[in-house]
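Position one of the sequence shown corresponds to residue 1 (full-length UniProt numbering), numbered consecutively onward.
Rather than coming from a laboratory, the hints here were simulated on the basis of the structure. Predicted model only: the values in this text are computed from it and were never measured. Positions of the beta carbon are idealized from the N, C-alpha and C atoms, including for glycine. Don't take each hint at face value.
[Stated by the list, open to error] Okay, the calculated beta carbon distance ranges per label pair:
id: 1; residue 1: Glu19; residue 2: Thr78; range: 41 to 47 Å
id: 2; residue 1: Leu80; residue 2: Tyr125; range: 15 to 21 Å
id: 3; residue 1: Val79; residue 2: Gln25; range: 17 to 23 Å
id: 4; residue 1: Asp21; residue 2: Ser42; range: 36 to 42 Å
id: 5; residue 1: Ala119; residue 2: Tyr32; range: 22 to 28 Å
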Amino acid sequence: MKSATNYLVSEHDFRNLYELDPAKQITNFCCYVMRPEINPVSPESDGDNRVYVFDLVGSAFLYHQVRYMMAVLFLVGTVLEQSSIISNLMNVFPAESDQSPECQLPLMERKPEYQMANALPLMLYTQPWMSHGKQTM
């Protein structure tokens, strides 16, 4: 799972990890991930019963988007998907690079059906652009 989070770093088109709502008419699906980390909550806990936290630092994330990210990361962690599925999901346009065909990622023309991760443990605990009710951008 930790290696899969590395594919999230930088600016990407996350449309395949969104809850698409046609009524909202969203046209820009780009978000910037600065730091995705998976770490144990308590380093001294038992290996089989260890609880982990997914710290995600970035811009313009939506509630359901993080739930989809976690769902895919859980699939990677249980070896039902390869870690490269993250970069595959963000490949929504034909490659415009000079890569050889065997190096190009498969094009995801439509969003795969993934069950969202449970919302219960999801918690927004800080908004770095807000400080004491005043916007600091």
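- Looking back at the numbered hints, which does the structure fail to meet, lowest number first? Checked against the structure, the hints that fail are numbers 1, 2 and 3, while the rest are satisfied.
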